[in-house]
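J.: Taken in order, these protein sequences are the chains called Z and C.
All residue numbers for the first sequence refer to our numbering, where the first residue is 177 and numbers rise by one.
All residue numbers for the second sequence refer to our numbering, where the first residue is 177 and numbers rise by one.
Accuracy of the hints is not assured; some may be wrong.
DSS-like, lysine-lysine: derived pairs with alpha carbons at most 30 angstroms apart [what the hints assert, rightly or not]:
#1 C/Lys190 to Z/Lys287
#2 C/Lys238 to C/Lys312
#3 C/Lys190 to Z/Lys238
Listing some non-contacts, in silico: residues in chain Z with all C-beta distances to chain C over 12 angstroms [stated by the list, open to error]:
#4 Glu180
#5 Gly195
#6 Asn216
#7 Thr226
#8 Arg228
#9 Gln237
#10 Lys238
#11 Gly243
#12 Glu244
#13 Gly247
#14 Gly273
#15 Pro302
#16 Leu309
Keep in mind the hints are simulated off the structure, nothing from the lab.
Beta carbons: idealized from backbone N, C-alpha and C, even for Gly.
There are 2 protein chains.
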Amino acid sequence: MNIETPPDWVNEVKFDGDGLIPAIAQDASSGEVLMVAWMNQMALIETTQTGRAVYWSRSRQKLWRKGEESGHVQEVVELRLDCDADVILLKVNQLGGIACHTGRASCFFRKLETTGSKVAWTAVDPVLKDPELIYK
Amino acid sequence: MNIETPPDWVNEVKFDGDGLIPAIAQDASSGEVLMVAWMNQMALIETTQTGRAVYWSRSRQKLWRKGEESGHVQEVVELRLDCDADVILLKVNQLGGIACHTGRASCFFRKLETTGSKVAWTAVDPVLKDPELIYK
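Could you put together the complete structure from these sequences and hints?
T.: This is how it looks when you write it as structure tokens:
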């Protein structure tokens, strides 16, 4: 696909000033929100072409084919766009059952909990696999 | 609460250069992703104090107490923070069953669909209430 002349469905997507859009990955079966990452036009197009989630890594400034190191590929079941066209929702099959680099199913493993007068973000979900074994 | 000296749990949240963080609202029962909006420090603190979702409206540049006009208040069941501390997830009870200003349950009502050679974002979820009746 010639990225110089993107198709209409790509032009409908409102990328921000940096050419990025937030993308939420949600487990297609359980509905669990797994992670949020960013996509640029190339990442979005490659995602639809390959059926696997591809993001733009802002820290590494390059395409991030989710699972390329960890094996924790996300097979895309469905792509959705919100009413403002500025957020993407991916319903995915999360291979390995782990989306987070900490070895947890979801990146949203910290819950705001109040114990007495103390309020804290508390890790409430288990580590399923040691990260050192994931990125070995 | 003195916003000049926010508590530790607020300081752990990584707001962006504009002082904002994306916040995903998810239906606590069905798991449906309802919408994404933005929070600043005040919105986050007021959300925890009132138990109702409060966002920062970037277009209106003011606090947006979700449902203040529509009645479609979001009662917060749980707040989560992701591994990078730069996205908030709210599990909510969506009063009225409508989160979107278009009168739909979710803002993510457009699905990428392929029909023959045509690829398009297609509205696949029903309008539950005429927006003119919501914001009357």
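J.: None of the hints should be skipped; say for each whether it holds.
T.: Now for the hints, and whether the structure bears them out:
no. : hint                 : verdict
1   : C/Lys190 to Z/Lys287 : holds, 15 angstroms
2   : C/Lys238 to C/Lys312 : holds, 21 angstroms
3   : C/Lys190 to Z/Lys238 : holds, 22 angstroms
4   : Glu180               : holds, 18 angstroms
5   : Gly195               : holds, 16 angstroms
6   : Asn216               : holds, 17 angstroms
7   : Thr226               : holds, 14 angstroms
8   : Arg228               : holds, 15 angstroms
9   : Gln237               : holds, 16 angstroms
10  : Lys238               : holds, 18 angstroms
11  : Gly243               : holds, 17 angstroms
12  : Glu244               : holds, 19 angstroms
13  : Gly247               : holds, 19 angstroms
14  : Gly273               : holds, 16 angstroms
15  : Pro302               : holds, 14 angstroms
16  : Leu309               : holds, 17 angstroms
The structure fails none of the hints (numbered hints given earlier).
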